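Please model the entire structure based on the sequences and the hints provided.
Under our numbering, the first residue of the sequence shown carries the number 12, and numbering increases by one thereafter.
Please note: incorrect hints may appear among the correct ones.
[Stated by the list, open to error] Derived Cβ-Cβ restraints for the label pairs, each shown as a range:
1. 187 x 218: 20 to 26 Å
2. 143 x 50: 38 to 44 Å
3. 215 x 184: 20 to 26 Å
4. 197 x 228: 16 to 22 Å
5. 30 x 226: 36 to 42 Å
6. 95 x 228: 28 to 34 Å
7. 205 x 30: 32 to 38 Å
8. 29 x 95: 16 to 22 Å
9. 106 x 234: 33 to 39 Å
10. 138 x 234: 40 to 46 Å
11. 61 x 169: 18 to 24 Å
12. 62 x 172: 23 to 29 Å
13. 61 x 91: 32 to 38 Å
[As the list claims (entries may be wrong)] No more than 20 Å apart at the CA atoms, straight line, and that leaves these computed lysine to any residue pairs for SDA-like:
14. 59 x 160
15. 160 x 60
16. 160 x 119
17. 124 x 148
18. 51 x 110
19. 144 x 132
20. 234 x 213
21. 160 x 61
22. 197 x 216
23. 124 x 163
24. 236 x 226
25. 51 x 116
26. 197 x 106
27. 124 x 177
28. 51 x 40
29. 160 x 70
The set of hints was computed from the structure by calculation and includes no laboratory data.
Only a predicted model underlies this, so the values are computations on that prediction, with no experimental measurement involved.
No residue lacks a Cβ here, since even glycine has one placed at the ideal position from N, Cα and C.
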Amino acid sequence: MDNKFTVIQGNADIDNSNRIMRTIALHDCWQRQYHNAIYKALSENKGKEIADYPQEDLMRIALSGIKYINLVREIRRENERVGTDYRQSLEESQATFNLIDAIFTIMGYIKLKNLVITFPITKDFDGHKWECKDYFYTMDVLSKMDWDKPIGRDNISELLWDYQNDDLREAYVEFTCAMSAIYRSKTGKSIAEEWCDDIGIPTYTINKETGIIRDNQTGQTTKLKRRSNLQVVK
Numbered sequence: 012m013d014n015k016f017t018v019i020q021g022n023a024d025i026d027n028s029n030r031i032m033r034t035i036a037l038h039d040c041w042q043r044q045y046h047n048a049i050y051k052a053l054s055e056n057k058g059k060e061i062a063d064y065p066q067e068d069l070m071r072i073a074l075s076g077i078k079y080i081n082l083v084r085e086i087r088r089e090n091e092r093v094g095t096d097y098r099q100s101l102e103e104s105q106a107t108f109n110l111i112d113a114i115f116t117i118m119g120y121i122k123l124k125n126l127v128i129t130f131p132i133t134k135d136f137d138g139h140k141w142e143c144k145d146y147f148y149t150m151d152v153l154s155k156m157d158w159d160k161p162i163g164r165d166n167i168s169e170l171l172w173d174y175q176n177d178d179l180r181e182a183y184v185e186f187t188c189a190m191s192a193i194y195r196s197k198t199g200k201s202i203a204e205e206w207c208d209d210i211g212i213p214t215y216t217i218n219k220e221t222g223i224i225r226d227n228q229t230g231q232t233t234k235l236k237r238r239s240n241l242q243v244v245k
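Pasting the structure below:
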């Protein structure tokens, strides 16, 4: 009998490895695209105000910047999937906030009609069924705006609240998380915790290592019960 064994890698491990490598490759690609778009715009528009840059240059910067930010977020998700609970430092959160804020500033100079071209509205049409925002809701909001004028930085946040596009939504979540981390460093609470306290909603903190949950209002702690892997056979 042959005592030699060949160890093969399971399909799940191969799929995970391929997904991670693809995410890293996309991250590097969009990072280069973003930096190249900025360099091209600056070198070809010397002496001009950003408002006078060609719309194509602004659209290119906005698209590559948003894609780049979302791939940074996706790499962090991959770390969580493999069990690496990495948390951004305050300096990293501030850098993320400043980067996204700069991209949103660029987007503020883009005309609405060009924003729709750069970031197409998600083709979800059944919002009425689920009582959520969809393509028709977004178009109704946009119908009240001037499509031939730049959006304006001050209007970006309000617009993104109603604009249905997966890339923009992911980037805005990342922007809000970075903002919340900065706020926590100054106040000891996240933006969400502050809001919950203001309206009387209790919040809790879970220690993943010990399995202890703490009531942030009362300080009371409770040990989470682990689910048993045993099942009663009848």
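Checklist entry - residue 124 and residue 148: Cα distance at most 20 Å? => result 17 Å, holds
Item to check | Status of the given 32 to 38 Å range, CB of residue 30 versus CB of residue 205 | outcome: 36 Å, holds
Checklist entry - If you draw a straight line from the CA of residue 59 to the CA of residue 160, is it 20 Å or shorter? => result The hint holds at about 19 Å.
Checklist entry - Do the beta carbons of residue 95 and residue 228 sit within 28 to 34 Å of each other? => result About 31 Å separates the Cβ atoms of residue 95 and residue 228, which means 28 to 34 Å holds.
Next on the checklist: A range of 32 to 38 Å was offered for this pair. Does it hold for the Cβ distance of residue 61 and residue 91?
Outcome noted: Once the Cβ atoms are compared, 36 Å apart, the range 32 to 38 Å for residue 91 and residue 61 holds.
Checklist entry - Regarding residue 138 and residue 234, is the given constraint of 40 to 46 Å on their beta-carbon distance met? => result Since the Cβ atoms of residue 138 and residue 234 sit about 42 Å apart, the hinted range of 40 to 46 Å holds.
Checklist entry - Are residue 51 and residue 116 close enough, with their CA atoms no more than 20 Å apart? => result Measuring from Cα to Cα gives roughly 18 Å; hence the hint holds.
Checklist entry - Within 20 Å, alpha carbon to alpha carbon, are residue 197 and residue 106? => result Since the Cα atoms of residue 197 and residue 106 sit roughly 16 Å apart, the hinted pair holds (cutoff 20 Å).
Item to check | Given pair status - residue 226, residue 236, alpha carbons within 20 Å | outcome: Cα-Cα ~16 Å, so holds.
Item to check | Pairwise hint evaluation, residue 40 against residue 51, where the allowed Cα distance is 20 Å at most | outcome: Holds, because 16 Å separates the two Cα atoms, which is no more than 20 Å.
Item to check | Restraint check for residue 160 with residue 119, where alpha carbons must lie at most 20 Å apart | outcome: 10 Å, holds
Item to check | Hint consistency between residue 51 and residue 110 [alpha-carbon to alpha-carbon, up to 20 Å] | outcome: With a Cα-Cα distance of about 18 Å, the restraint between residue 51 and residue 110 holds, given a limit of 20 Å.
Comparing the model with each numbered hint stated earlier shows that all of them hold.
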